[in-house]
Amino acid sequence: MSSQYRDPWTPNTTLVYEVVHMHESFRSEFQQIDVFEAKDWGTVLCLGGVTNVTDRDESAYHEMIAHVPLLSHPNPRRVLIIGGGDGGTLTEVLRHPEVEEAVLVDIDPQVIRCAKTYFPDLARAFDDPRAQVIVGDGVDYVRRSAAQGAVFDVVLIDSTDPVDAAVELFSEAFYRDCAQLLGAQGVLVAQSDSPTFYIDRVRAVHSKLSQVFASVDLYLGQVAAYPSGTWSYCAATQGPSLPSVRVDIDRVAGVEPCLRYLNRDVLRACFALPTYVRVGIQAGLGRGLWAGRPTLAEAPKCMTEPGA
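The sequence shown runs 1 to 308 under the working numbering.
Hint data in this document are derived by calculation from the structure and do not stem from the laboratory.
As the structure is a prediction and not an experimental result, all values here were calculated from the model.
Worth double-checking, as some hints may not be accurate.
Cβ pair distances, simulated, as ranges [as the list claims (entries may be wrong)]:
1. THR117 to LYS39: 14 to 24 Å
2. ASP40 to ALA214: 39 to 49 Å
3. ARG95 to ALA147: 24 to 34 Å
4. ARG268 to ASN12: 29 to 39 Å
5. MET22 to SER207: 17 to 27 Å
For each residue, glycine too, the CB sits at the ideal point set by N, CA and C.
Please construct the entire structure, taking both the sequences and the accompanying hints into account.
Okay, here's the thing in structure tokens:
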């Protein structure tokens, strides 16, 4: 007998899963964790009542947060992942033979345990000899590592939404510490929420990163189980913007056969932003897609009037 699990995208819009089996539902030290089997979606992991991973579409999110920056860096040998305890981002990072060390820091050991139990294809990455998995506070790890002079080529902020323990992962102070960790050609990418429903969050991440880095570029991907199905990522560097970087096609060809979502065409296109996103990441526009939309009378004269 099935039941329903509700993931509230907004106060008025909810993704409803048809649950065929609830594996676990409990409160860890840091958050509510639910793991279940759902019709159409396979195994689902929700953190704090919000979808984190599903069998159906995990690859779209993890491929976009990992491969865009790694393929944009000429030689990504050391990679730091903050969050990502489900193992998906680590899995994608380790597809790159250039990577010699990938450090993952997640505050909640129960997320890692659930990944090992219910997402074995992702959890295999934890056993890769290049992986170092640390259970701890990512903010503290970054602060201490920066003070010690550690250097990474790529930093990925694979956080949950800015609630509970994740709030500090969206602060300017944290981004400044991350910037100290990056080498001369270093790239940081942070997931930055749904531009359709939460453009204010997207704008906040973009704005704070812009206070720290010389170049900040937003890119988009499709993640069906996340609010609106469109997800954003902010890429930051102290050098040229990522869209201007010439990507090594041979490296793209090396990982492309392993991927379900990203390919060379998506890699080129992901930095092309719809108008509502371009406008929305500037100050003064809130509440997503239709906020600030011009009326017909205010629209450019080139628009054809209905019935004309």
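Results for each hint:
1. THR117 to LYS39: 14 to 24 Å: Given about 21 Å between the Cβ atoms, the range holds.
2. ASP40 to ALA214: 39 to 49 Å: holds, 43 Å
3. ARG95 to ALA147: 24 to 34 Å: holds, 31 Å
4. ARG268 to ASN12: 29 to 39 Å: About 36 Å separates the Cβ atoms of ARG268 and ASN12, which means 29 to 39 Å holds.
5. MET22 to SER207: 17 to 27 Å: 40 Å Cβ-Cβ, so the 17 to 27 Å window is violated.
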